[in-house]
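Novice: For reference, the chains in residue letters:
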Amino acid sequence: MMNHATTSNPTLTPPTLKKEPGPWLRAWRKLRRNRKGMFGLYVVLLFIAMAIFAPLISPFDPIEASWSAIRKAPTGTHWFGTDELGRDVLARVIWGARASLLAGVVSVAISLLTGVTIGMLAGFLGGTVDSLISRATDAFLACPFLILAIALAAFLGPSLTNAMIAIGVSASPIFVRLTRAQVLQIKVEDYVEAARAVGCHPFRIAVSHILPNVTAPLIVQASLAIASAVIAEASLSFLGLGQQPPDPSWGSMLNTAKNFMDTAPWMAVWPGLAIFVLVLSFNLLGDGLRDALDPKHR
Amino acid sequence: MFTFFVRRLVTLIPTLVFVSMLIFSLQQLLPGDPALVLAGEDPSPEAIAHIRAKLHLDDPLPVRYGYWIAGVLQGDLGESARTHQPVLDLILQKLPVTIELALLALLIALVISIPAGIVSAVYKGGALDTGATVFALTGLSTPNFWLGIMLILLFSVELGWLPASGYVSPFENLRANLASMIMPAFVLGNAIAASLMRHMRSSMLQELGADYVRTARAKGLSERVVVLKHALRNALTPVITLGALELGTLLSGAVLTEQVFTIPGFGKLIIDAVFNRDYAVVQGVVLVTATTYIMLNLFADMAYFMLNPRLRK
Amino acid sequence: MKLSYRTLLAASLIACLPFLASAQTLRIGLAEDPDMLDPTLARSFVGRLVFMSLCDKLFDIDEKLNIVPQLATGYEWSADSKALTLKLREGVTFHDGEKMDAEAVKYNLERHKTLKGSSRSGEVRPITSIDVVDANTVRLNLNTPFAPLLAVLADRAGMMVSPKAAEALGEKFSNSPVCSGPFKFVDRVAQDRITLERFGAYWNKDAVHFDKVVYTPITDATVRLANLRSGQFDFIERAASSDIASIQKDARLKFSKITEIGYQGITINTGKTERAQSQPLGQLAKVREAFELSLDRAGIVQVAMDGQATPGNQWVAPNNSYYSKNVPVPKRDLVRARALLKEAGITNPTFTLMTPTTSDSQKIAQVVQAMAKEAGFNIKIQSTEFATSLSLADKGDFDAYVLGWSGRADPDGNIYNFIGCKQPSNYSGYCVPEVDALLNDSRSKLQPAERLAAYQGIAAQMNKDRPLVYLYHRDWLWAYTNKLSGIREIPDGLLRVTGLKLN
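Chains as they are written, first to last, in the numbering used here: chain A, 222 to 519; chain B, 333 to 645; chain C, 8 to 510.
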C-alpha cells in the first residue's frame, strides 16, 4: 500500500520569500566591505564631532591673544605650540575644523542647489533653453576654476561666507553637467513615459521619478567636491580672501604660518596635517561611495 | 566624422562668446575704482582722470565690452594698464613657459598615476590597493602652495640641490631650466595624478574583467604578461585622452604654484592683474586660456572617438 | 712666425682674464613687480629701486637726508626765493649719446608738467617756467617760494630722460627707457626680471663695479629670503621682520636696519562724509584721544613687527630734525582713557577698523583691537582687499583705516597731501583753515627753523583734533650676502648701486 506523505508531513513548511534588499541597503553593505571607504567615513565623522564639540574639547580660547607667549614651541600646556599672536595652535586647529568643514559642506550645498536645479531645467526642457545653458556651462568650465573663485570672492569681499559662495558658484557647472546627462538618460525610460502618459505634472515627475535616480552619481561627486572645496578655501585664504582674522580656519592659519616656517614650523605643520587628513578622507569616502553605488563598478 | 567635427566647431562659437562676456563682467564688476589703484602712490586728479578716460571707465558696461571685443577681433588685446605693455606681447612671452610647465606636470602625473592605477586594480581590495590609492591621493589632498613652500625649504634652502625660484629658458640652458621647473611641475602633476589614477584603475578593472583576458589566462600566460602586455594597452587609451583634458585643471592649479615658485607664466600674471585691477590682462589671458581649453576638449573628444574602436561603428 | 702652443694658451688666458674678472652681475630681489619705467608716469615705491640704477637725478639724498649733487652740482635761490638756479654737471650724456644739458632739463620738467597722465604734475606745479641760462645753467621760476623743491628734484621729478628718445617713443617710453644712470636698459620680462647693463660713458664710472644688474620681483618674503639663502640673489629688500633672528644667525648673510622716512598709522574719518558723524570716534575728539591712549605703541611694535620699528606719533620719526618735540610720543594710559570716555558719555564706543589684507596691516588691526578693548572700545575688523579699501577710503565709506605711507625726503611730502583741505590723499576729510595756513607757511619758508615752527604748530593742533593716529616707523630690513660691501643705508629704502662691490 502506497503511503505518500505529501500533504501531512508536519516538518514541511511553505518556503518564505526573502525580501530583496533595496538599492540603498545594498550600496551600504558594499561600502561596509570597502576598507578605504570606511576609513574615510570614520575620519570624516571624527572631524565633524570635533567641530561640533569644539567648545567642550578645546583647551583654550582660540582668539585670545597672549603677548607673552608668542611663537612658543609645543610644551605641556600648549601641545601644538602658539602662533604669532600667542594663541594656542591646538585650540585654533579644533575650532578651525568648523570653518574648514563649513567651507567644504556649504560650498558644495550651494553647488548642488544651483547645479542640480539648472541641470534639471536643461535636461527636462531641452531645446533652446538646454542649448543656452549648455553653452554657458561650457563657458564656466573653460575658465580656470580658481580665477572664477578669486574674482567672485574679490567681488563679494573677503570673508568666509563670501568664499563659500564663490567656491560654490564656481564649482556648480560640474553638477549642471552631471544632472543634465542623467536627466537625458532617464527621461526616455519607460516608467517616465508612463508617468507622462498618465498625466503627472512635470514638476512631480522631476521630483519623484527623475531626482531619486540622479542622486547616486551626485553623492559621489559631492563628496569629492567637498574635498576640493576645503583645498579651495585654503587657497583663497592664502590670497587673503577667505576667513578673516582673528577667527581661525586651517587655510588662513597656513597663510600666516608660511612666514614662520623657519622659526615656528609647528604653526604650519598641524593645520597642514589637518587639511591633509580631512581631504584625504573625503576623497577615500567618495571613491568608496562610487564603488558602492555605481552599478558599472565591480 | 567630418560632420561631427564641424558641428562641434559651430557650437564652440557661442561658448566663446559666453566666455568673453563672463570674464569681462567678472572683471569690470570688481569693487573698487581701478583708477585709484592704478594711480598708485601719486593719485593726482589729473592722473586719475587720464586713466579713467583711457580705460573708458565712465562709459556704460556694454559700450566698454564693445570696445574690448572690437579690439580682440582685430588682434589687439589691449595693454596692461600698469606697465603699458601690450597684452598680446605678455601672452606670447609667457605662453611657452606655461606650456612647458603643463606638459612636464602631465608627464609626472602619468608617471605617478599609471603604475599606481595598475597596482590598485590588480591588488584590488588589499593593502597595496589602499597604499597606492593613498599615495596618489596625497597630491590632491595637500594645498599646492603649502607643498611648494615645503619643497623649497627642503631642496633649496636646506640641501641646496635646486634653485628656489626663477626660470631659465630651455634654449639658454636646458639643465638649469629643468632644475627650476622640476619642483613646480611635481607640485602641479601631483594634484592631477589622483584623478588620472582613478581613471586608470577603473579602466584596468574593466579590461581585466573582459573575455579576452580570461582567454589569455586560460591559455596559461603569466599574470604579468596578461596585465602588462594585453590589458594595459587597451586600458591606457582613455587615460591618455583624459590626461590631455586635465591640462585645463593644470592651468587653474598653476596660478598659485607659479606664485610660490615665481615662474613667469600665465598663473602669476593673472593673480597680480586681478589684485591690481589690470582688466585688460585678465580678460586677455583668460580668453586665450579658455579658448585653448575648449579646443583641447574638442580634439580629445575626436581622439577618443577615433581611438576607441567600439565607438566607431 | 710660428706661435708655440704654450704661448697661444698663455695669450688666450691673459685675454680672458679681464673678461672673467669683470663679468659680474648683481642680482637683486624686489618685493613687488615695478610698474612703468618712465619717471614721469611711475607710481610705485618699488619702481624707484630700479630707477636708482637706471636714471640719475638732479640731486640725491644721503644718510642724514641732506641734499647732495648728482646731475646738478650746485644750486642757488634768488633773493625773493621765487627762482632756483641750478648748475649742471658738464660732459654728461644719456644712454643714447645725447647731451644732458640745460635744454634737456627744461624738456624733462615740462614733460612732467604736460604729459597726459603724468604722476609728477602735482609735485612740479609750483614751477611756472624754466629758463635756459646757458648750456649748463638752468633757472626754475616759481609762483611762490617752495622749500620742498630740492627734495622733489631728488626723486622722480628730478630724473632726466633723453629728450630724443622721449619724443620718439612718447607714452611707450617705458618699454625701452633711455636715461643717464650708471646702467642702461636691456630688457624686461614682466614679473620675471629687469636686466640692465653697464653704461660705459657714465660720468662716475669708476664707482661702478658691475657689468649687469638684474632685478627680480618675488612677492612672498619667505621665498625671497630662500632665494638669497640658496645663492640666487645677492641682495633682497624688505625682508620679513620675523626672519631677522634667523638672518642674524646665518654667517653667510649680513643685514641692514634703517628707520624709514614713512609711517604706519590709522586714518580716522573725521569729516570726509556724514559717516564721520554717525559713530563716536569720528564725532568726538575726546573719544579719539581715549583711543590713542589705550594703545601701547611699544607693544604693537613688539608683536606686529618683532621689535623692528620705532614708535612714533607724527608724520616724521622722532629722530628727524623736523620732529616737533612739543608733542612727544604718549605712553599708554588706560585710566585716563576710560576717564575720557566717561567724560564723553560713551563708555563702550563701537567702530569698524578697515584694514587691507596684507599681513602687517592685519596684525596691527588685531593687536589694536585687543588693546583698545581694555579701555572699553568694541572694534570690529573689516578686512578688505587693498584695491577696494582705497576706493572706500576715497569715498569716505569707512570709520578708521589702517594705512601707511612710504615717505618722502622732505616732511612736506608726508603731510601736505594728507591733511591739507581737499587734497587727494586726505581720506580723513580734515579741513582746518589755521592748519592749512601753517602748511603753506611750512612750504614757503626756506629756513629750517621757520619751517619747524610751522610744523610744531601743526603737530599741536593735530594733537587736539587727531584725524590720524600715527603708530610707528618701520625699519627697512635689507638682507644680503656677506660678500657685498659698500651698502649705503639711506632712509628712503632704496639701494644705490654705485660704490657696491661683490668680492
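Fair warning: there could be bad hints in the mix.
Cut-off 30 Å, straight-line C-alpha distance, at most; resulting in silico cross-link-like pairs (BS3-like, lysine-lysine) [unchecked claim]:
1) C:Lys452 / C:Lys387
2) C:Lys264 / C:Lys106
3) B:Lys386 / C:Lys338
4) C:Lys94 / A:Lys293
5) C:Lys264 / A:Lys293
6) C:Lys89 / C:Lys264
7) A:Lys293 / C:Lys106
8) A:Lys293 / C:Lys349
9) C:Lys123 / C:Lys113
10) A:Lys293 / C:Lys256
11) C:Lys338 / C:Lys349
12) B:Lys386 / C:Lys89
13) C:Lys123 / C:Lys349
14) B:Lys386 / C:Lys123
15) C:Lys380 / C:Lys452
16) A:Lys251 / A:Lys408
17) C:Lys89 / C:Lys452
18) C:Lys402 / B:Lys386
19) B:Lys386 / C:Lys261
20) B:Lys386 / C:Lys471
21) C:Lys471 / C:Lys402
22) C:Lys171 / C:Lys264
23) C:Lys94 / C:Lys106
24) A:Lys293 / C:Lys508
25) C:Lys71 / C:Lys380
26) B:Lys456 / A:Lys251
27) C:Lys387 / C:Lys429
28) C:Lys120 / B:Lys386
Coverage of chain C stretches by chain A, computed from C-beta distances (three or more under 8 Å per stretch; other residues unrestricted) [said to hold, decoys possible]:
29) 127-134
30) 303-311
31) 348-357
Footprint (simulated), chain A over chain B, 3 or more residues, beta carbon under 8 Å [to be verified]:
32) 377-383
33) 394-407
34) 424-437
35) 455-464
36) 507-517
37) 595-606
Hints are computed from structural coordinates only; laboratory data are not their basis. In this text the structure is predicted, and so the values were computed from the model without any measurement. We put the beta carbon where it would ideally sit given N, CA and C, even for glycine.
Novice: Hint by hint, note whether the structure agrees.
Specialist: Hint-by-hint comparison with the structure:
no.: 1; hint: C:Lys452 / C:Lys387; verdict: violated, 43 Å
no.: 2; hint: C:Lys264 / C:Lys106; verdict: violated, 39 Å
no.: 3; hint: B:Lys386 / C:Lys338; verdict: violated, 49 Å
no.: 4; hint: C:Lys94 / A:Lys293; verdict: violated, 59 Å
no.: 5; hint: C:Lys264 / A:Lys293; verdict: holds, 25 Å
no.: 6; hint: C:Lys89 / C:Lys264; verdict: violated, 39 Å
no.: 7; hint: A:Lys293 / C:Lys106; verdict: violated, 61 Å
no.: 8; hint: A:Lys293 / C:Lys349; verdict: violated, 38 Å
no.: 9; hint: C:Lys123 / C:Lys113; verdict: holds, 17 Å
no.: 10; hint: A:Lys293 / C:Lys256; verdict: holds, 19 Å
no.: 11; hint: C:Lys338 / C:Lys349; verdict: holds, 20 Å
no.: 12; hint: B:Lys386 / C:Lys89; verdict: violated, 36 Å
no.: 13; hint: C:Lys123 / C:Lys349; verdict: violated, 54 Å
no.: 14; hint: B:Lys386 / C:Lys123; verdict: holds, 10 Å
no.: 15; hint: C:Lys380 / C:Lys452; verdict: violated, 44 Å
no.: 16; hint: A:Lys251 / A:Lys408; verdict: holds, 28 Å
no.: 17; hint: C:Lys89 / C:Lys452; verdict: holds, 11 Å
no.: 18; hint: C:Lys402 / B:Lys386; verdict: holds, 22 Å
no.: 19; hint: B:Lys386 / C:Lys261; verdict: violated, 46 Å
no.: 20; hint: B:Lys386 / C:Lys471; verdict: violated, 43 Å
no.: 21; hint: C:Lys471 / C:Lys402; verdict: holds, 25 Å
no.: 22; hint: C:Lys171 / C:Lys264; verdict: violated, 41 Å
no.: 23; hint: C:Lys94 / C:Lys106; verdict: holds, 15 Å
no.: 24; hint: A:Lys293 / C:Lys508; verdict: violated, 40 Å
no.: 25; hint: C:Lys71 / C:Lys380; verdict: violated, 39 Å
no.: 26; hint: B:Lys456 / A:Lys251; verdict: holds, 14 Å
no.: 27; hint: C:Lys387 / C:Lys429; verdict: holds, 28 Å
no.: 28; hint: C:Lys120 / B:Lys386; verdict: holds, 19 Å
no.: 29; hint: 127-134; verdict: violated (count 0)
no.: 30; hint: 303-311; verdict: holds (count 3)
no.: 31; hint: 348-357; verdict: violated (count 0)
no.: 32; hint: 377-383; verdict: violated (count 0)
no.: 33; hint: 394-407; verdict: violated (count 0)
no.: 34; hint: 424-437; verdict: violated (count 0)
no.: 35; hint: 455-464; verdict: holds (count 3)
no.: 36; hint: 507-517; verdict: violated (count 0)
no.: 37; hint: 595-606; verdict: holds (count 3)
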